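> So the sequences go chain by chain: A and B. Numbered per the UniProt record's numbering, the first sequence finishes at 382, counting up by one with no gaps. Numbered per the UniProt record's numbering, the second sequence finishes at 459, counting up by one with no gaps.
Rather than coming from a laboratory, the hints here were simulated on the basis of the structure. It is possible that some hints are incorrect.
Below 20 angstroms or equal to it, Euclidean Cα-Cα: the simulated DMTMM-like pairs (lysine to aspartate or glutamate) are [stated by the list, open to error]:
| id | chain 1 | residue 1 | chain 2 | residue 2 |
| --- | --- | --- | --- | --- |
| 1 | A | K250 | B | E417 |
| 2 | A | K281 | A | E301 |
| 3 | A | K250 | B | D226 |
| 4 | A | K309 | A | D339 |
| 5 | B | K313 | B | D147 |
| 6 | A | K75 | B | E417 |
| 7 | B | K424 | A | E102 |
| 8 | B | K391 | B | D112 |
| 9 | B | K383 | B | E96 |
| 10 | A | K75 | B | D226 |
| 11 | B | K424 | A | E301 |
| 12 | B | K424 | A | D259 |
| 13 | B | K314 | B | D147 |
| 14 | A | K378 | A | D259 |
| 15 | A | K250 | B | D442 |
| 16 | A | K250 | A | D339 |
| 17 | B | K395 | B | E384 |
| 18 | A | K308 | A | E335 |
| 19 | A | K258 | A | D216 |
| 20 | A | K75 | A | D216 |
| 21 | A | K309 | A | D259 |
| 22 | B | K194 | B | E245 |
| 23 | A | K75 | A | E55 |
| 24 | B | K404 | B | D442 |
None of the values given here were measured: they were computed from a predicted structure.
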Amino acid sequence: MSRFLRPAARLAASTRAATSIKANAPSFSQAIARPVYFGGSSQSRAYAEGAGVKEYTVRDALNEALAEELEANPKVFILGEEVAQYNGAYKVTKGLLDRFGEQRVIDTPITEMGFAGLATGAALSGLHPVCEFMTFNFAMQAIDHVVNSAAKTLYMSGGIQPCNITFRGPNGFAAGVAAQHSQDYSAWYGSIPGLKVVSPWSSEDAKGLLKAAIRDPNPVVVLENELMYGQSFPMSEAAQKDDFVIPFGKAKVERAGKDLTIVTMSRCVGQSLVAAENLKKNYGVEAEVINLRSIKPLDLESIVQSIKKTHRLLVVESGYPAFGVGAEILALSMEYAFDYLDGPAQRVTGAEVPTPYAQKLEEMSFPNEQLIENFAAKMLRL
Amino acid sequence: MLNPLKANSRVLRRASIRRLAQPSVSVISNPIRSAGSLSQRPNSGFVSFPGALKSSFTSSLKFETPESYTALPTYRVVDQNGQVVDPSFSPDISDEAVIKLYKDMLYISIMDLIMFDAQRQGRLSFYMVSAGEEAVSVGTSSVLDKDDPVFCQYREQGLFKERGFTTEQFMSQLFANRNDNGRGRNMPIHYGCKPLNIHTVSSPLATQLPQASGAAYALKLQRLQDPSSKPRVAAVFFGEGAASEGDFHAALNIAATRSCPVVFICRNNGFAISTPTLDQYRGDGIASRGIGYGIDTIRIDGNDIWAVREATKKAREMALQDGGKPVLIEAMTYRVSHHSTSDDSFAYRARVEVEDWKRRDNPITRLRKWMEAKGCWDEAKEKEARDSLRKEILKGFSEAEREKKPPIGSMFEDVYESLTPDLKEQMGQLKELLETYPEEYDVASYEGGVASLDVPKDN
Numbered sequence: 001m002s003r004f005l006r007p008a009a010r011l012a013a014s015t016r017a018a019t020s021i022k023a024n025a026p027s028f029s030q031a032i033a034r035p036v037y038f039g040g041s042s043q044s045r046a047y048a049e050g051a052g053v054k055e056y057t058v059r060d061a062l063n064e065a066l067a068e069e070l071e072a073n074p075k076v077f078i079l080g081e082e083v084a085q086y087n088g089a090y091k092v093t094k095g096l097l098d099r100f101g102e103q104r105v106i107d108t109p110i111t112e113m114g115f116a117g118l119a120t121g122a123a124l125s126g127l128h129p130v131c132e133f134m135t136f137n138f139a140m141q142a143i144d145h146v147v148n149s150a151a152k153t154l155y156m157s158g159g160i161q162p163c164n165i166t167f168r169g170p171n172g173f174a175a176g177v178a179a180q181h182s183q184d185y186s187a188w189y190g191s192i193p194g195l196k197v198v199s200p201w202s203s204e205d206a207k208g209l210l211k212a213a214i215r216d217p218n219p220v221v222v223l224e225n226e227l228m229y230g231q232s233f234p235m236s237e238a239a240q241k242d243d244f245v246i247p248f249g250k251a252k253v254e255r256a257g258k259d260l261t262i263v264t265m266s267r268c269v270g271q272s273l274v275a276a277e278n279l280k281k282n283y284g285v286e287a288e289v290i291n292l293r294s295i296k297p298l299d300l301e302s303i304v305q306s307i308k309k310t311h312r313l314l315v316v317e318s319g320y321p322a323f324g325v326g327a328e329i330l331a332l333s334m335e336y337a338f339d340y341l342d343g344p345a346q347r348v349t350g351a352e353v354p355t356p357y358a359q360k361l362e363e364m365s366f367p368n369e370q371l372i373e374n375f376a377a378k379m380l381r382l
Numbered sequence: 001m002l003n004p005l006k007a008n009s010r011v012l013r014r015a016s017i018r019r020l021a022q023p024s025v026s027v028i029s030n031p032i033r034s035a036g037s038l039s040q041r042p043n044s045g046f047v048s049f050p051g052a053l054k055s056s057f058t059s060s061l062k063f064e065t066p067e068s069y070t071a072l073p074t075y076r077v078v079d080q081n082g083q084v085v086d087p088s089f090s091p092d093i094s095d096e097a098v099i100k101l102y103k104d105m106l107y108i109s110i111m112d113l114i115m116f117d118a119q120r121q122g123r124l125s126f127y128m129v130s131a132g133e134e135a136v137s138v139g140t141s142s143v144l145d146k147d148d149p150v151f152c153q154y155r156e157q158g159l160f161k162e163r164g165f166t167t168e169q170f171m172s173q174l175f176a177n178r179n180d181n182g183r184g185r186n187m188p189i190h191y192g193c194k195p196l197n198i199h200t201v202s203s204p205l206a207t208q209l210p211q212a213s214g215a216a217y218a219l220k221l222q223r224l225q226d227p228s229s230k231p232r233v234a235a236v237f238f239g240e241g242a243a244s245e246g247d248f249h250a251a252l253n254i255a256a257t258r259s260c261p262v263v264f265i266c267r268n269n270g271f272a273i274s275t276p277t278l279d280q281y282r283g284d285g286i287a288s289r290g291i292g293y294g295i296d297t298i299r300i301d302g303n304d305i306w307a308v309r310e311a312t313k314k315a316r317e318m319a320l321q322d323g324g325k326p327v328l329i330e331a332m333t334y335r336v337s338h339h340s341t342s343d344d345s346f347a348y349r350a351r352v353e354v355e356d357w358k359r360r361d362n363p364i365t366r367l368r369k370w371m372e373a374k375g376c377w378d379e380a381k382e383k384e385a386r387d388s389l390r391k392e393i394l395k396g397f398s399e400a401e402r403e404k405k406p407p408i409g410s411m412f413e414d415v416y417e418s419l420t421p422d423l424k425e426q427m428g429q430l431k432e433l434l435e436t437y438p439e440e441y442d443v444a445s446y447e448g449g450v451a452s453l454d455v456p457k458d459n
């Protein structure tokens, strides 16, 4: 079977998968209708415990981050399609128009290159715009401004023109939106010197990283995930404050383990945590799950530290396999941790096909909990 | 769930997204009619559809054709012979100031000739001249406020010169030496200067247009937040070829809808590299596009510096009215030169055509004729000016060529605001390499030599 149909091929090749996949893969409608709650008894978490902890959806966390930064700095404004009157296609900007007015929360015509260009120009002129793309799939229209202008102008102007801008919006695999709405752009933006790229998973990630992005003097791409918006996570008291930021370039160990390192990001973090719990339940192995948080700069140190402990590396991401984030981390593990590995580092990625629309085919195109568990079990020869 | 008006226009593109857009908490269903809601009145002779508010109904089935409109006129003040054709015109500046503008135009035309030849001699990799278009850049610059931020395309050296860019600054950029504002990171002619409020020239065509709209929006916001601040506009240059890029249309539309105080200045010079305007667009030039986007527009004779000045002055005023709005100027010129040193235009146009333009109508000779008629210029002054400008440029040329290159360490700086650990590591590795093999790498021509790779401790 083709190695390019990676998850699907592996799924089909896996004898364990055949029976359990249907039961475990949540369908699209379920995922939307019933928010999944993380941080329950099944997962041990290092933060967000104790007094004052509140449940936040990722949407609310992003909204709070935007509101706080708009409040704190008059140079900050947000623009994008339907961010104002309609409160955002995904309601992330809900209430901001009423609170900050139409000069700072701006509905734009449907022209990604127009409003991304306008935002870049405003940033080059000293404002701190937050440019929302309805999805990063549409940002391809505007990628010239992101890559050629925002990322390069500081350097090419000889250091005289900083560009403090935040590009944000949903990215990566969703459900039922086919090939032109399901792509993961982490590797695209992650390959550009001059850009910083973050990809939050939980509510604390979302708030802390978005606030840090807006404050960072460099152009930052914040890759959110549509299916995470409605999910709830506990938010610690510290994270509820308006000075909460998460530093870039620092990954977070979401689950400690000694047998296998799973490096992942965005929505795949949740999937990997479920898989890790099941690995423990079904095989008695402890997988360590690292939430990258930041794609560029990448926290190589945390990855290497973990490999030194577990001696096995699996990367889980939803992008295409070729030249992806997984490919990069595997290459880095060869360069910096080869001697600590007991076996080849491996990856679970999206399938090398334009994402099909049909639900069953789409499910087979991306990693899911069962697939990650099965693949890890195979890797560990369990 | 959906606003039907919005859904209709966007349903094809966004439907699938909309479906997912339903958040888990229920929202919307807004019973209040917003100010923007409209309805068709019974028996009205006028249309009240949301998309067209000033249209009357008609029962005649008639398509509009572009031919049914006469081409927009081209405004000019002084004709090809230097004669004033606008009786209401009187110069708003002193003779000395006119002579300064003339010398600026002369300066760049002389610099262009010298640098074009220098490129042919292999002394720099690339150059672009602006022959035939000097009046547009010098003229607009002379009436914009020095604090107005400007985005250039790449053929506006006249604006840099008029604003005060020095010979040393021009030459340092062209030779990418240690005095270059851009620290040697850009191709020749990609000038930029913060104190002069001119953004660094960026190669991808037309990206400067929406960015100028954004700069204008920033000015507008700054003024809203601090009404005592100085009213300013953003100005942006582009060619008629760049106007075929999507960015042009996006920029005009967004500047119009967001009421940004920006002056769009098109240099319609007849050619986009080798593509003549006939293959570039149909319809009445770039000006007709401006009107289509609801933008106040004028077409002017770009070879007449007085027309350029009058129109730009007025455009700047208009752009600041009503809380800010965009204005479009289409300046008609002829690109006398090749597109760049990478182009030989005689492959696609007759030499005689170019010679004809050079002789018949040229912005520099036109102003010279006007000045001579006025009695403030003559052959002796012309010769003196040409000689001294040439000397000044050649002096700057040879100084800049001999100057040291930027420090090697600057290669790693300004990728981000501060050096990242990765960049510091690369600096260290390069330093180690250069120190290990000093015979293989001659770093003497770079300012500071290997020492510039010492990783700064403070960040």
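> So, for every hint listed, does it hold in this structure?
Taking the hints in turn, this is what the structure says about them:
Distance check on the hinted pair: K250 (chain A) and E417 (chain B) sit about 18 angstroms apart at the alpha-carbon level, within 20 angstroms; holds. Distance check on the hinted pair: K281 (chain A) and E301 (chain A) sit about 29 angstroms apart at the alpha-carbon level, beyond 20 angstroms; violated. Only pairs whose Cα atoms come within 20 angstroms are accepted, and K250 (chain A) paired with D226 (chain B) is rejected, the gap being roughly 39 angstroms. Of the pairs offered as hints, the one joining K309 (chain A) and D339 (chain A) holds, with about 12 angstroms between alpha carbons and a cut-off of 20 angstroms not exceeded.
For the suggested pair K313 (chain B) and D147 (chain B), the alpha carbons sit about 15 angstroms apart, so the restraint of at most 20 angstroms is met. Between the alpha carbons of K75 (chain A) and E417 (chain B) the distance comes to roughly 18 angstroms, so the proposed pair stays at or under 20 angstroms and holds. A threshold of 20 angstroms between alpha carbons decides the hint, and for K424 (chain B) with E102 (chain A) the separation of about 43 angstroms lies outside it, so the pair is violated. Only pairs whose Cα atoms come within 20 angstroms are accepted, and K391 (chain B) paired with D112 (chain B) is accepted, the gap being roughly 14 angstroms.
A hinted pair counts as satisfied when its Cα atoms are at most 20 angstroms apart, and K383 (chain B) with E96 (chain B) qualifies at roughly 17 angstroms. With a C-alpha separation of about 12 angstroms, the suggested pairing of K75 (chain A) with D226 (chain B) holds against the 20 angstroms cut-off. Between K424 (chain B) and E301 (chain A), the direct Cα distance comes to roughly 16 angstroms. Compliance with the 20 angstroms bound is thereby established for this hinted pair. Distance restraint check for K424 (chain B) and D259 (chain A): the Cα-Cα separation of roughly 34 angstroms exceeds the 20 angstroms cut-off, and the hinted pair is therefore not satisfied.
Taken as a hint, the K314 (chain B) and D147 (chain B) pair is honoured in the structure, with Cα atoms around 17 angstroms apart against an allowance of 20 angstroms. Among the hinted pairs, K378 (chain A) with D259 (chain A) is consistent with the structure: their alpha-carbon atoms are about 13 angstroms apart, no more than 20 angstroms. Between K250 (chain A) and D442 (chain B) the CA atoms are separated by roughly 39 angstroms; this puts the pair beyond 20 angstroms, and the hint is violated. Between the alpha carbons of K250 (chain A) and D339 (chain A) the distance comes to roughly 23 angstroms, so the proposed pair goes past 20 angstroms and is violated.
A hinted pair counts as satisfied when its Cα atoms are at most 20 angstroms apart, and K395 (chain B) with E384 (chain B) qualifies at roughly 17 angstroms. In summary, the hint linking K308 (chain A) to E335 (chain A) is supported, as the alpha carbons are separated by about 14 angstroms, within the 20 angstroms threshold. Restraint check for K258 (chain A) and D216 (chain A): not satisfied, since their Cα atoms lie roughly 35 angstroms apart, outside the 20 angstroms limit. Restraint check: the Cα-Cα separation between K75 (chain A) and D216 (chain A) comes to about 13 angstroms, which is no more than 20 angstroms; the hinted pair holds.
For the given pair, K309 (chain A) sits about 8 angstroms from D259 (chain A) by alpha-carbon distance, which is consistent with the 20 angstroms threshold. Proposed proximity of K194 (chain B) and E245 (chain B) is contradicted: the alpha carbons are some 27 angstroms apart, above 20 angstroms. Proximity of K75 (chain A) to E55 (chain A) is assessed by CA-CA distance (about 30 angstroms); at most 20 angstroms being required, the pair is judged violated. For the given pair, K404 (chain B) sits about 13 angstroms from D442 (chain B) by alpha-carbon distance, which is consistent with the 20 angstroms threshold.
The structure does not agree with the numbered hints 2, 3, 7, 12, 15, 16, 19, 22 and 23 stated previously, though it agrees with the rest.
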